[in-house]
Amino acid sequence: MTRKPAALLWIFSMGLQMASTGILRAEQVATGYSESPAPAAENPGYQRQLQYHELPEVTLVDQFGQQVDLRQILSDERPVMVNFIFTSCPTICPILTSSFARVQKQLSASDLQVPRMISISIDPGFDTPDILLDYSRRYKAGSDWYFLTGRPEAILKVQQAFDAYRGEKMNHVPVVFIRGSARTPWVRLTGYPTVAELLSEYQDLVSP
Amino acid sequence: MWWSNKIPELSLPWRSGFLGLLSCLLLPVAGYSVALEKAGGYTDQQILAYGKAIYRKGLLPDGTAVKASFGTGAPVPEQAVACANCHKRSGLGAVEGNLIVWPVNAASLFSPRRTTGAWRASVKDDGPGSRSRWHLPVKFDSQAARPAYTQETLARMIRTGVDASGRHTSMAMPRYDLSDEHMAMLMQYLAQLSPDQEFSPGVNKQSIRFGVVVDSRVSQRKKEAMLKVLKSVTKAHNTQTRPHIRRAAKGPFYKTEAYGAYRQIELVVWELTGEEESWRAQLEDYQEESPVFALLGGISATTWQPIHEFCEEHEIPAILPLTREPVISDSDWYTLYFSKEHYQEGDVTAQYLARSGQPPAGAIVQLYRPGTPGENSARGFSNRWSAMGREQGKLENVVLDVPVSTLPWEKILGDMAPGPLLVWLEGEDLRQFLTVMQSLHPGEEGLGDIYLSADALKATGKTLSQKMRRKVMLVSSHSPQGEFVPREQALKRWLKVQGIDYSEPEIQAKMYFIGWILPGALKHMRGEYYRDYFMESFEMMGDQYHSIASYPRLSFSPGQRYLAKGGYILRLLPGRSSGYRKVVDWQVEP
Numbered sequence: 001m002t003r004k005p006a007a008l009l010w011i012f013s014m015g016l017q018m019a020s021t022g023i024l025r026a027e028q029v030a031t032g033y034s035e036s037p038a039p040a041a042e043n044p045g046y047q048r049q050l051q052y053h054e055l056p057e058v059t060l061v062d063q064f065g066q067q068v069d070l071r072q073i074l075s076d077e078r079p080v081m082v083n084f085i086f087t088s089c090p091t092i093c094p095i096l097t098s099s100f101a102r103v104q105k106q107l108s109a110s111d112l113q114v115p116r117m118i119s120i121s122i123d124p125g126f127d128t129p130d131i132l133l134d135y136s137r138r139y140k141a142g143s144d145w146y147f148l149t150g151r152p153e154a155i156l157k158v159q160q161a162f163d164a165y166r167g168e169k170m171n172h173v174p175v176v177f178i179r180g181s182a183r184t185p186w187v188r189l190t191g192y193p194t195v196a197e198l199l200s201e202y203q204d205l206v207s208p
Numbered sequence: 209m210w211w212s213n214k215i216p217e218l219s220l221p222w223r224s225g226f227l228g229l230l231s232c233l234l235l236p237v238a239g240y241s242v243a244l245e246k247a248g249g250y251t252d253q254q255i256l257a258y259g260k261a262i263y264r265k266g267l268l269p270d271g272t273a274v275k276a277s278f279g280t281g282a283p284v285p286e287q288a289v290a291c292a293n294c295h296k297r298s299g300l301g302a303v304e305g306n307l308i309v310w311p312v313n314a315a316s317l318f319s320p321r322r323t324t325g326a327w328r329a330s331v332k333d334d335g336p337g338s339r340s341r342w343h344l345p346v347k348f349d350s351q352a353a354r355p356a357y358t359q360e361t362l363a364r365m366i367r368t369g370v371d372a373s374g375r376h377t378s379m380a381m382p383r384y385d386l387s388d389e390h391m392a393m394l395m396q397y398l399a400q401l402s403p404d405q406e407f408s409p410g411v412n413k414q415s416i417r418f419g420v421v422v423d424s425r426v427s428q429r430k431k432e433a434m435l436k437v438l439k440s441v442t443k444a445h446n447t448q449t450r451p452h453i454r455r456a457a458k459g460p461f462y463k464t465e466a467y468g469a470y471r472q473i474e475l476v477v478w479e480l481t482g483e484e485e486s487w488r489a490q491l492e493d494y495q496e497e498s499p500v501f502a503l504l505g506g507i508s509a510t511t512w513q514p515i516h517e518f519c520e521e522h523e524i525p526a527i528l529p530l531t532r533e534p535v536i537s538d539s540d541w542y543t544l545y546f547s548k549e550h551y552q553e554g555d556v557t558a559q560y561l562a563r564s565g566q567p568p569a570g571a572i573v574q575l576y577r578p579g580t581p582g583e584n585s586a587r588g589f590s591n592r593w594s595a596m597g598r599e600q601g602k603l604e605n606v607v608l609d610v611p612v613s614t615l616p617w618e619k620i621l622g623d624m625a626p627g628p629l630l631v632w633l634e635g636e637d638l639r640q641f642l643t644v645m646q647s648l649h650p651g652e653e654g655l656g657d658i659y660l661s662a663d664a665l666k667a668t669g670k671t672l673s674q675k676m677r678r679k680v681m682l683v684s685s686h687s688p689q690g691e692f693v694p695r696e697q698a699l700k701r702w703l704k705v706q707g708i709d710y711s712e713p714e715i716q717a718k719m720y721f722i723g724w725i726l727p728g729a730l731k732h733m734r735g736e737y738y739r740d741y742f743m744e745s746f747e748m749m750g751d752q753y754h755s756i757a758s759y760p761r762l763s764f765s766p767g768q769r770y771l772a773k774g775g776y777i778l779r780l781l782p783g784r785s786s787g788y789r790k791v792v793d794w795q796v797e798p
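The listed protein sequences correspond, in order, to chains D and R.
FYI, in this note's numbering the residues of the first sequence are 1 to 208.
FYI, in this note's numbering the residues of the second sequence are 209 to 798.
Since the hints were derived computationally from the structure, they do not count as laboratory data.
There's no promise every hint is true.
Calculated lysine-lysine pairs in the PhoX-like style (CA-CA distance at most 20 Å, straight line) [stated by the list, open to error]:
(1) R:Lys430 to R:Lys602
(2) R:Lys700 to D:Lys105
(3) D:Lys140 to R:Lys700
Some chain D residues flagged as far from chain R (calculated, every beta-carbon gap over 10 Å) [stated by the list, open to error]:
(4) Ser88
(5) Tyr165
(6) Gln203
Backbone N, C-alpha and C define an ideal beta-carbon position, used for all residues, glycine too.
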């Protein structure tokens with residue numbers, strides 16, 4: 001018997017979503033197996049969009065327990081990268097966080113300005129500052145990387161502002177937001193850009 | 209080719225001169241046309257143990273972490289590298305967002321995947337000449353279809369992320385740097401993981417048996433309150449039997465799939481008598497006599513530890529027992545608890561004191577008697593307090609080994625000039641403490657707030673003097689009664705329909721909650737009745753808000769085994785009433 005975790009989706013009545021997210025692509029008919037490697041994928045592994053977001057006025061708390069005014073840390077002239085994570089997330093968050101860590105490390109060794117990094121927990125009930133501090137150490141996060149938590153209402157507002165809210169935490173999507181400065185739009189990357197791709201996206205923004 | 213420079217050099221391990229390492233013995237994998245080479249120089253048990261450590265913990269035989277990087281090029285941190293994090297302990301995979309983490313047990317890997325989302329029968333019922341109605345029409349075949357893996361293609365998949373059809377799989381599947389020997393160990397482990405159609409004990413074609421552990425010291429009234437609700441819940445489930453069997457036999461394939469997986473629930477009560485030390489042996493006897501798939505609910509007057517350990521060792525799930533003394537562990541796996549109970553009270557107090565503005569004036573004094581639940585409260589406090597970076601020096605632990613009344617109270621309260629006093633006492637100890645405080649007449653200034661467990665105070669039956677009322681903060685790991693009236697009413701209505709008296713609100717609410725989530729977990733298994741998969745089914749349930757009156761919400765998360773993540777701290781209002789103000793309302797404001 002073949003196990004079909006896709007089938008789990010049905011149980012949580014997300015069958016429709018499945019079709020719309022492209023997991024179940026009825027139109028893409030497989031005409032038998034090819035034993036030789038498939039042709040190189042055209043798909044860059046992620047999508048790119050430009051967006052402006054009206055950010056809410058919220059105070060969050062970082063991994064050291066310090067209050068942080070979200071608008072303020074986003075409004076100075078520094079470039080920023082933002083993602084949404086939670087510490088008990090098994091699959092998507094490790095890949096997002098490890099990419100941030102890698103980008104931070106590589107940029108620190110380069111001539112380019114190092115962006116401010118912001119990872120916002122979408123499970124604030126569990127992810128208290130001390131838990132986030134522990135998490136940040138796992139990924140060897142450098143300085144100027146905020147791991148933020150806060151009141152559930154505040155976190156919800158931020159997710160909604162970035163159009164990154166998908167209800168249940170386990171239903172989240174991989175998204176990264178990059179901005180060159182407070183005056184330019186956000187670049188929204190959905191999917192799994194490689195570290196090299198993230199770096200080049202970033203480079204395009206800061207050294208036009 | 210966006211990926212071309214990211215694929216590590218293929219080492220073609222199965223073709224080059226590695227055979228010295230591996231014995232030439234080929235192990236056929238039951239039911240599949242694949243043979244695996246076996247790592248040489250080890251016993252089968254060693255191989256499986258090493259394979260298991262790689263799979264579950266991401267650790268190599270020498271204890272170092274497996275190395276891997278994501279398709280993005282970033283290294284996978286040690287805590288995320290174990291296969292089980294993503295593919296789950298059962299190997300049956302999971303779904304996160306729109307990402308499918310495919311199953312990796314033998315039944316899945318060594319047979320072709322033709323479709324996405326469609327059920328297939330076991331190999332035995334499938335194949336040429338079979339009349340089963342299991343397949344989707346071919347036009348629904350998905351892109352993720354692939355032929356069965358061979359030893360070579362599987363090793364390539366794990367090392368490079370290229371699957372048996374040549375597809376470059378998701379960036380999220382790490383590319384592993386494993387030697388031939390370690391790869392062989394891992395494959396042996398996968399080959400026996402969640403074996404096809406060999407379900408865990410306690411399941412047959414018609415039914416699935418659950419045990420309900422009952423500590424004989426618990427009052428008849430409480431036992432009955434628990435059992436009646438559980439029985440009602442399972443009875444409701446079992447009335448579906450006839451229609452489900454009919455639909456499974458006659459329906460189209462997707463109904464066969466859903467209904468064919470259906471099982472009746474059978475409950476057996478395991479009553480434990482005598483000393484706690486003797487429980488373990490009693491449990492072993494019960495399990496040998498008529499094995500259960502998992503434990504459901506259950507109640508203990510004191511600790512759950514012997515049962516917890518029994519379950520951990522035999523890898524038997526225990527779902528939401530009623531106990532005020534759960535085992536606190538962040539690595540144990542098989543018991544799912546409502547709450548850390550006393551530990552949670554200490555934890556929430558630490559979060560509150562650490563975040564409530566000014567640091568306390570004096571030292572924090574923590575009072576508990578070893579071997580009582582209060583020790584857990586103290587542990588909960590200390591652990592969170594130090595995790596939040598507070599200096600340990602400011603925390604004084606007073607560990608009682610004498611009667612409370614004989615302590616040098618003038619000194620404790622005077623010289624140590626305590627800030628908050630955390631009194632994790634109960635029963636006679638707490639009664640004595642309250643009496644001592646009455647006679648000391650603590651001055652308004654001299655003494656900080658006194659933190660008590662709300663449940664412990666209630667159990668003493670004592671009322672507090674006005675002076676004490678002003679000083680006391682009550683800590684609770686669950687909602688005060690009356691907090692969620694509509695939810696209580698929903699439960700009452702349901703009980704009424706079932707013909708059950710509303711006698712034990714907390715017990716009944718909790719068992720009702722089990723009834724609420726159990727069908728989802730059973731359905732989620734889709735007929736794959738493996739104990740590990742059952743545990744994992746609960747992890748997918750996210751936040752539950754409305755189905756229980758004892759907590760504002762319960763949160764399920766991967767790997768987490770305590771659903772309640774918050775607590776209450778109540779400041780009593782002056783006057784004779786039981787009025788209070790919530791200083792902490794479930795979540796400490798970060």
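Exercise for the section: Determine which of the earlier numbered hints do not hold for this structure and return their numbers in increasing order. Expected result: 1, 2, 3 and 4
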